[in-house]
Amino acid sequence: MSYHVPKAEGEIDPTFSGRATGGYPLWEVFIRAKRGLNHVHAGSIHAPDAETAVLAARDVYTRRSEGVSIWVVPSAQIHASDPDEADAFFDSDKPYRHPTFYEIPEEVGHM
Amino acid sequence: MTTTPSLTPPAPPQSPEERFQSLIGAGEKIEPRDWMPEAYRSTMIRQIAQHAHSEVIGQQPEGNWITRAPTLVRKAILIAKVQDEAGHGLYLYSAAETLGVSRHELTELLHAGRQKYSSIFNYPTLTWADIGCIGWLVDGAAITNQVMLSRTSYGPYARAMVKICKEESFHQRQGYEIMLSLVKGTEAQRAMAQDALNRWWWPSLVMFGPPDTDSPHTPESVAWGIKLETNDELRQRFIDTTVPQADHLGLTIPDPELRWNDERGHYDFGPIDWDDFWRVIKGDGPCNRERMAHKLAAWNEGAWVREAAQAHAAKRAARAAAEGTEHRRVHEGDVTTDETAGDQQ
Chain A
1 MSYHVPKAEG EIDPTFSGRA TGGYPLWEVF IRAKRGLNHV HAGSIHAPDA
51 ETAVLAARDV YTRRSEGVSI WVVPSAQIHA SDPDEADAFF DSDKPYRHPT
101 FYEIPEEVGH M
Chain B
1 MTTTPSLTPP APPQSPEERF QSLIGAGEKI EPRDWMPEAY RSTMIRQIAQ
51 HAHSEVIGQQ PEGNWITRAP TLVRKAILIA KVQDEAGHGL YLYSAAETLG
101 VSRHELTELL HAGRQKYSSI FNYPTLTWAD IGCIGWLVDG AAITNQVMLS
151 RTSYGPYARA MVKICKEESF HQRQGYEIML SLVKGTEAQR AMAQDALNRW
201 WWPSLVMFGP PDTDSPHTPE SVAWGIKLET NDELRQRFID TTVPQADHLG
251 LTIPDPELRW NDERGHYDFG PIDWDDFWRV IKGDGPCNRE RMAHKLAAWN
301 EGAWVREAAQ AHAAKRAARA AAEGTEHRRV HEGDVTTDET AGDQQ
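Going down the list, the protein sequences come from chains A and B. Each step along the first sequence adds one to the number in this note's numbering, with nothing skipped, and position 81 is 81. Each step along the second sequence adds one to the number in this note's numbering, with nothing skipped, and position 133 is 133.
Each hint should be verified, as a subset may be incorrect.
What the hints assert, rightly or not - Below, a sample of chain B positions facing chain A; criterion: calculated Cβ distance under 7 Å:
(1) 63
(2) 67
(3) 71
(4) 87
(5) 90
(6) 313
Unchecked claim - Simulated crosslink set (DMTMM-like; lysine to aspartate or glutamate; CA at most 20 Å straight-line):
(7) 315(B) / 49(A)
(8) 75(B) / 59(A)
(9) 29(B) / 85(A)
(10) 29(B) / 59(A)
(11) 163(B) / 28(A)
(12) 166(B) / 59(A)
(13) 163(B) / 66(A)
(14) 29(B) / 84(A)
(15) 29(B) / 49(A)
To be verified - Some residues of chain A that are not near chain B, with every Cβ distance over 10 Å (derived):
(16) 48
(17) 60
(18) 80
Think of the hints as simulated: they come from the structure by calculation, not from any bench. Every residue, glycine too, gets a C-beta built ideally from N, C-alpha and C.
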């Protein structure tokens, strides 16, 4: 459980292949904690197929009643925005979209 | 969630290095697809992999007692705990994989002896009291580390730690409760508890790693927000919280130099035998060979199961493609199954 192992003779850093070589494909796991809430990303799991992935996700991510429903999605099917382009991609310069941009006289009361 | 509206002009563009360091400086997390220095990436992979390997190998000393647990409840608890360790290993491998390395590669590196796991698991579990001491001391030390790591700068690692810490609390409490039961028992049971404490105390202190004066990676790890406290600080905190727990059990910590220092506000303790620590890391601990042999045997003997599962998945996928049906799909928030005739054979 500790990880503070100083480097010993013969130890190497892994090569960064950037892909899962060998082993089962990877799935992203989404869990609905209880009725009324969205499925939320919980982590990922290796499994040979979707059915086994759901079973493995149950064992790995819901050992303590953390969920009432599980989705699994092949990790390769996730398309993401580019973090390096986040500033340009996400709108953050329109303060007038927020309610606090507008000053309402106190006597008007809560609005 | 909304951001605070502001009319301040956008900050001037930063280089990737500047952005990385400013995120860390602001206490923000680094996420998988962010630019990061290669040394940060490799340090993170190495640390998370070692941590994952430790969880997986850590199943062995406790698994050793599942068939001999003294009661059915203790047995059920131990099975749940060992299953947790497997789960912790999987959360951590997942976190490592976000850095561009596969679990398969890491497993092969462990098997080839080219990556390490915590030396604590190279000590044997000789009596039932060892199961108590592992929960109380080994998991206690792990919690001390992992609470700090739940604030580490790499997002996926920090999130894995939050989840693990919640579960470790059960581990530590069940271990301490085993010790409590033993010290309330017969003279022989009290002696067994003391003997286990004698054997696990020093290896537990060693879990925090070499002293700061001899830990070359610490300053860099601190600058990158990987480590927020040093090995010696964490070790001292563990000792300070654990000594009163030992006193409550009426057990004696096997360190004649251990005493409260009013001036420092901490316990002073005797010197740690680092030669023994290095001997165990280099492969000559009591159980190094046994642990790796068992791990390799489990891996090799399970190979046909992995191959069969993949062959089965490929066969079903091919059949589904031929029939133009999807086996499982998400519909209105629930996973449903399309049972085809072929599935029911």
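Results for each hint:
Proximity of residue 63(B) to chain A is violated relative to the hint, the smallest CB-CB distance being about 15 Å (cut-off 7 Å). Here the hint on residue 67(B) is broken, as its CB sits about 21 Å from the closest CB of chain A, past 7 Å. At a threshold of 7 Å, the smallest CB-CB gap from residue 71(B) to chain A is about 22 Å, leaving the interface hint violated. Look at residue 87(B): its Cβ gets to within about 5 Å of chain A, closer than 7 Å, so that hint holds up.
At a threshold of 7 Å, the smallest CB-CB gap from residue 90(B) to chain A is about 5 Å, leaving the interface hint in force. Because the closest C-beta pair between residue 313(B) and chain A is about 4 Å apart, less than 7 Å, the hint holds. About 11 Å separates the Cα atoms of residue 315(B) and residue 49(A), which keeps this hinted pair within 20 Å; it holds. Taking the CA atoms of residue 75(B) and residue 59(A), the gap is near 19 Å; set against the 20 Å cutoff, the hint holds.
Our distance criterion of 20 Å between C-alpha atoms is met by residue 29(B) and residue 85(A), whose separation comes to about 17 Å. Under the criterion of a C-alpha separation no larger than 20 Å, the hint pairing residue 29(B) with residue 59(A) is inconsistent with the structure, at around 28 Å. Pair hint residue 163(B) plus residue 28(A) holds up; C-alpha atoms about 17 Å apart against a cutoff of 20 Å. Proximity of residue 166(B) to residue 59(A) is assessed by CA-CA distance (about 16 Å); at most 20 Å being required, the pair is judged to hold.
At roughly 11 Å between alpha-carbon atoms, residue 163(B) and residue 66(A) fall within 20 Å of each other, so this suggested pair holds. Using a Cα cut-off of 20 Å, the hinted pair residue 29(B) and residue 84(A) holds, with the two alpha carbons roughly 15 Å apart. Taking the CA atoms of residue 29(B) and residue 49(A), the gap is near 32 Å; set against the 20 Å cutoff, the hint is violated. Distance check for residue 48(A) against chain B: the nearest CB is about 4 Å away, which does not clear 10 Å, and the non-interface claim fails.
Its closest Cβ contact with chain B, about 5 Å, brings residue 60(A) to no more than 10 Å, contrary to its assignment away from the interface. At roughly 7 Å, the least C-beta separation between residue 80(A) and chain B is not larger than 10 Å, which violates its mark as non-interface.
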